[in-house]
Amino acid sequence: MNGPHDLGGQMGFGPVAPETNEPYFHAEWEKRALGLTLSGGALGAWNIDESRHTRESIPPAEYLGASYYEIWTRALEVLLERHGFVTSGEIDAGRKQVDGATPKRILKADMVAGVLAKGGPCDRPVATPPRFAAGDKVRTRNFNPTTHTRLPRYARAKSGVVEAVQGSFVFPDDNAHGKGENPQWVYTVVFDGGEIWGEGADPTLSVSIDAWESYLEPV
Amino acid sequence: MHDDDHHHGHDHDHHHDHENRYTDMQARVRALETVLTEKGLIDPAAIDAIVETYETKIGPRNGAWVVAKAWSDPDFADWLRRDATAAIASLGYTGRQGEHMRAVFNTGETHNLVVCTLCSCYPWSVLGLPPVWYKAPAYRSRAVIDPRGVLAEFGVTLSDDKKIRVWDSTAELRYLVIPERPDGTEGWSEEQLADLVSRDSMIGTGVASMPGVAA
Numbered sequence: 001m002n003g004p005h006d007l008g009g010q011m012g013f014g015p016v017a018p019e020t021n022e023p024y025f026h027a028e029w030e031k032r033a034l035g036l037t038l039s040g041g042a043l044g045a046w047n048i049d050e051s052r053h054t055r056e057s058i059p060p061a062e063y064l065g066a067s068y069y070e071i072w073t074r075a076l077e078v079l080l081e082r083h084g085f086v087t088s089g090e091i092d093a094g095r096k097q098v099d100g101a102t103p104k105r106i107l108k109a110d111m112v113a114g115v116l117a118k119g120g121p122c123d124r125p126v127a128t129p130p131r132f133a134a135g136d137k138v139r140t141r142n143f144n145p146t147t148h149t150r151l152p153r154y155a156r157a158k159s160g161v162v163e164a165v166q167g168s169f170v171f172p173d174d175n176a177h178g179k180g181e182n183p184q185w186v187y188t189v190v191f192d193g194g195e196i197w198g199e200g201a202d203p204t205l206s207v208s209i210d211a212w213e214s215y216l217e218p219v
Numbered sequence: 001m002h003d004d005d006h007h008h009g010h011d012h013d014h015h016h017d018h019e020n021r022y023t024d025m026q027a028r029v030r031a032l033e034t035v036l037t038e039k040g041l042i043d044p045a046a047i048d049a050i051v052e053t054y055e056t057k058i059g060p061r062n063g064a065w066v067v068a069k070a071w072s073d074p075d076f077a078d079w080l081r082r083d084a085t086a087a088i089a090s091l092g093y094t095g096r097q098g099e100h101m102r103a104v105f106n107t108g109e110t111h112n113l114v115v116c117t118l119c120s121c122y123p124w125s126v127l128g129l130p131p132v133w134y135k136a137p138a139y140r141s142r143a144v145i146d147p148r149g150v151l152a153e154f155g156v157t158l159s160d161d162k163k164i165r166v167w168d169s170t171a172e173l174r175y176l177v178i179p180e181r182p183d184g185t186e187g188w189s190e191e192q193l194a195d196l197v198s199r200d201s202m203i204g205t206g207v208a209s210m211p212g213v214a215a
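Chains as they are written, first to last, in UniProt numbering: chain A, 1 to 219; chain B, 1 to 215.
Just so you know, these hints were derived from the structure itself, not from any lab.
Mixed in with the good hints there might be a few duds.
[Unchecked claim] Under 8 Å between C-beta atoms, here's a sample of chain A residues computed to sit facing chain B:
1) Asn2
2) Leu7
3) Pro15
4) Ala27
5) Trp29
6) Leu38
7) Leu64
8) Leu107
9) Lys108
10) Thr140
11) Asn144
12) Thr147
13) Lys179
[Unchecked claim] Facing chain B, according to a computed beta carbon distance under 8 Å, are these residues of chain A, among others:
14) Phe85
15) Gly119
16) Thr128
17) Phe132
Glycine is no exception: its CB is placed at the ideal position from the N, C-alpha and C atoms.
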């Protein structure tokens with residue numbers, strides 16, 4: 001979707017503000033928000049793609065005005081409600097009011113090290129060979145789905161070159177919406193800066209994205 | 001927005017509350033944690049363990065060791081080029097947001113810069129949690145269109161003829177920039193070399209420190 005998250009090339013946000021010796025957390029609640037988000041994911045009711053889509057579905061005026069852990073927290077509340085674990089009334093009240101859905105698992109302290117070390121690999125085998133090879137010229141599709149996609153707006157309907165075949169991975173556009181993992185080949189596609197940004201583009205610039213096969217058409 | 005139109009008057013106060021309830025994030029998150037704990041859905045001790053892991057165990061030092069080894073050991077550098085996931089895992093750095101790694105090497109001709117324009121994808125297992133600026137709109141919007149301007153704000157000035165390659169992490173691949181090894185470090189130990197490698201140099205918003213200047 002063309003949501004507030006799709007920021008590449010937007011203007012007006014001002015300078016980047018690096019912070020010397022930045023702490024990992026700027027408030028205590030950020031620590032809990034991180035832990036709650038990872039613990040929520042461990043319940044097994046949603047995947048990373050649904051989680052990302054929930055964040056990008058926050059209305060633009062709220063998304064762009066929120067700190068990152070606030071975005072995470074808002075999305076976590078939506079996910080918990082959607083999957084029947086809590087009600088908004090319970091969150092407002094700060095206490096249990098009803099029984100909710102039963103999770104697949106609950107992340108306990110003694111599981112944390114193993115779960116973090118294992119991660120959640122997203123590579124999956126596909127039966128067909130890759131459609132494109134390194135060196136192939138391709139064009140990204142021009143679409144504007146209202147659903148989740150990982151093809152950023154700035155890189156749509158652009159011509160580039162396949163630099164590498166990266167393997168086959170879960171297709172987020174389907175996986176975010178409960179339509180299955182439906183893995184596809186993923187390619188690193190490189191674009192000349194001028195192809196994307198046109199007049200005035202930095203002549204030394206090239207930009208690459210990692211694109212699922214169905215985002216690409218042969219040129 | 002049919003629902004909003006239909007319920008506007010009725011829901012006005014509710015929406016108002018809904019916005020305001022986020023003004024105190026400390027209270028909001030505490031309420032959420034309390035509910036989830038009462039319902040048996042989370043273990044607060046697990047949250048403590050997650051926070052402790054990312055505050056004390058997983059940070060940019062992991063990545064610095066990868067870079068130092070790449071500078072010191074051509075075979076390891078070659079392995080990184082071919083299969084960064086396996087090469088990095090051989091040092092014990094595996095897991096969440098580092099499941100699929102790629103290493104990209106700066107050269108005399110090309111400087112690499114990593115961004116995630118769509119969210120905040122970042123190689124947690126080798127760099128730890130990302131800084132606020134990496135996740136913020138200013139960086140995510142400009143890194144792909146004005147990387148030289150962004151670099152200038154980090155105090156990095158590249159020569160005019162240096163090529164800039166921006167890697168937008170739009171899939172599950174996580175990128176680690178291998179900065180150029182500073183001159184004057186011949187014969188240095190991996191530990192000495194790792195001290196020259198900053199987090200920013202592994203994102204591409206910095207370069208490795210020169211000898212005698214701490215990273």
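Do the hints match the structure? See the list:
| no. | hint | verdict |
| --- | --- | --- |
| 1 | Asn2 | violated, 11 Å |
| 2 | Leu7 | holds, 4 Å |
| 3 | Pro15 | holds, 5 Å |
| 4 | Ala27 | holds, 7 Å |
| 5 | Trp29 | holds, 4 Å |
| 6 | Leu38 | holds, 6 Å |
| 7 | Leu64 | holds, 6 Å |
| 8 | Leu107 | holds, 5 Å |
| 9 | Lys108 | holds, 5 Å |
| 10 | Thr140 | violated, 11 Å |
| 11 | Asn144 | violated, 15 Å |
| 12 | Thr147 | violated, 14 Å |
| 13 | Lys179 | violated, 18 Å |
| 14 | Phe85 | holds, 6 Å |
| 15 | Gly119 | holds, 4 Å |
| 16 | Thr128 | violated, 18 Å |
| 17 | Phe132 | violated, 15 Å |
Going through the hint list in order, the structure does not satisfy hints 1, 10, 11, 12, 13, 16 and 17.
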